[in-house]
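Which chain is which? The protein sequence lines are A and B, in order.
Position 225, counted from 1, in the first sequence is what numbering that gives the first Met the number 0 calls 224; the numbers after and before it change by one each time, with no gaps.
Position 65, counted from 1, in the second sequence is what numbering that gives the first Met the number 0 calls 64; the numbers after and before it change by one each time, with no gaps.
What the hints contain is simulated information worked out from the structure, not anything from laboratory work.
One-sided excerpt, in silico: chain B residues whose CB lies under 8 Å from chain A: (1) Val83; (2) His92; (3) Leu93; (4) Leu102; (5) Leu104; (6) Glu108; (7) Trp112; (8) Val229; (9) Val232; (10) Met289.
We put the beta carbon where it would ideally sit given N, CA and C, even for glycine.
What follows is each chain in one-letter form.
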Amino acid sequence: MIRERYINAVILALMVIISIAALWMDEPFTITLATKAVILALAAVGLNLALGQGGLVSFGHAAYFGVGGYAMGILASHAQNYTPLMEVPFLIEGTNQMPVIWLVAVVASALLALVIGALSLRTSGVYFIMVTLAFGQMLYYFAISWPAYGGEDGLSIYVRNEFPGLNTLVPIQFFGLCFAVLCVVLFMVHRLNQSPFGLALMGAHQNEERARTVGINVTRLRLVAFVISGAITGLAGALFADLNRFVSPVMFDWHTSGQIMIFIILGGVARLCGPLAGASLYIILEHYLGGLSEYWQIYLGLILLFVVLFAKGGIVGGLARKEVRHG
Amino acid sequence: MSTILLIEQILNGLQFGVMLFLMAAGLTLIFGVMGLINLAHGALYMVGAFAAASMAAWTGSFTLALIAALVAAAMFGALIELTVIRRLYKRDHLDQVLATFALILVFSEATRWVFGSFPLFLDMPDALSGTVMLPGGIEYSKYRLTIIIIGLLVALGLFLLIARTRVGMRIRAGENDREMIGALGVDISILYTMVFALGAALAGLSGALVGAIQSVEVGMGEPVLILAFVVIVIGGIGSIKGALAGAILVGLTDTLGRTLLPVLFSTFMDASAATTIGSALASMLIYILMAGVLIFKPTGLFGSA
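Construct the complete structure from the given sequences, taking the supplied hints into account.
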């Protein structure tokens, strides 16, 4: 039995070691893969807060991922075409500055999560899954049928957005930036889980009635968690769009929601670094199985089935063995 | 817009709704009896369509194709129930979602592997192609009319099965108290497999019937699956009556929204903007409907808390 804290340290260190080794061996593609894993992990960290800590099985997190992506796409496309986003009643211009884009992505996805969460939290259990899935799909169809920003074809951004003091087009610098964002968010989520808010959230997950009895407003608590969760996933969406320099409705697709959920289950539900372990494993599988066979998703499906049926706890759970405190 | 066109669209909406009912009925039955959320239901829809297309290509008979769809979907349904689904009844919803999502990946990719990525085509039978004259001088596709009739007959059959037969009694008993009917000597695991296979067969039938209107391709079941979820949320989980009402409501709202909204918008804005905004809004209309139902009745129209 290994302490989860050590496993987390090893997972984070491995990400750094792999990318520095890749830099040293001049393998920029490996760095890009690592960046992708980090960004997808960030999306899953967001979902993990709602799903793992809060027990809210949202099957619609692609919505926030997509909104984050489109926040980047829309702002950057206006910046690259030198057209203002809006002139009346006041002028808003596009931007290619990442901090601004991140802020917009976080605020936009938080607002969306507030609306969807307020509606979805009126239900629970299986209804909640279906409703979040349906709202996610609504945005997918909206993105397809709204022609202003590329519609079904998506939107290409030719140059990666800028971050003060960095050259984001250099793979290792972009990796470092994404990794730093992930670490900051992980730290915040860790602190949040330890705070009265996090404890109350887990308490409500374990026993809703008891939480209500001690005077916790469970619905409001969950809504706040859902909004934070959506905002984190939205931030990941903005980074993911910047990684690919492309956004399309696929980001809104329900397979994206499923994937984000897969990262969590592969890594370990409600484990701090579970999403990172899961996303990395997914990227490795995608890369190697995808090289072996065009139909690699069959194997992915079988592995996922195995993990769900027989190996609950995922990678981190399997290594740490100890049940999560609130499990 | 003329009345004839409007009636035609209403019939189209009805046809769409009836197809959604076939999907939603299976889902809601499986949820009601076994407490399972089954994402792989869309995969069974696809299996039905592919079985029908293959059988039709081989024998040329549409009736045989429909039978093939029913049998193949029921068989695959029973197979996954026996191997995977059975282990999920006692698990939480997250496990059910993930395991059935994994089944979708396996089914979709396996189908792509066997049949390739290109869509197959399933021709409707000659006897049903062309149009029929309805009272009031409305010409309507014979095939779509047949789908409406088949769907309503299946709905009637399902009501009778559940309300009037011994199997139906056991299904209802299973919804109310699983342990008790087990104690009374009913083999629950056989009952569960049967219900699952029944739901699968309905999905397969629906896939085959729609396959003759649209193309038969990998992933065809997924949009329908999500619409079926919307139907269930609107109708109330576990209620066949709710599934029928929800399905017709969703079918009509979606079809009429797509035709009427652009027309409605063009009355007060220019034509191209009206088409854009109208069709973008139409694609969201059923979800807005769902949100409305959630605000006023979170358990659905026919659902009990």
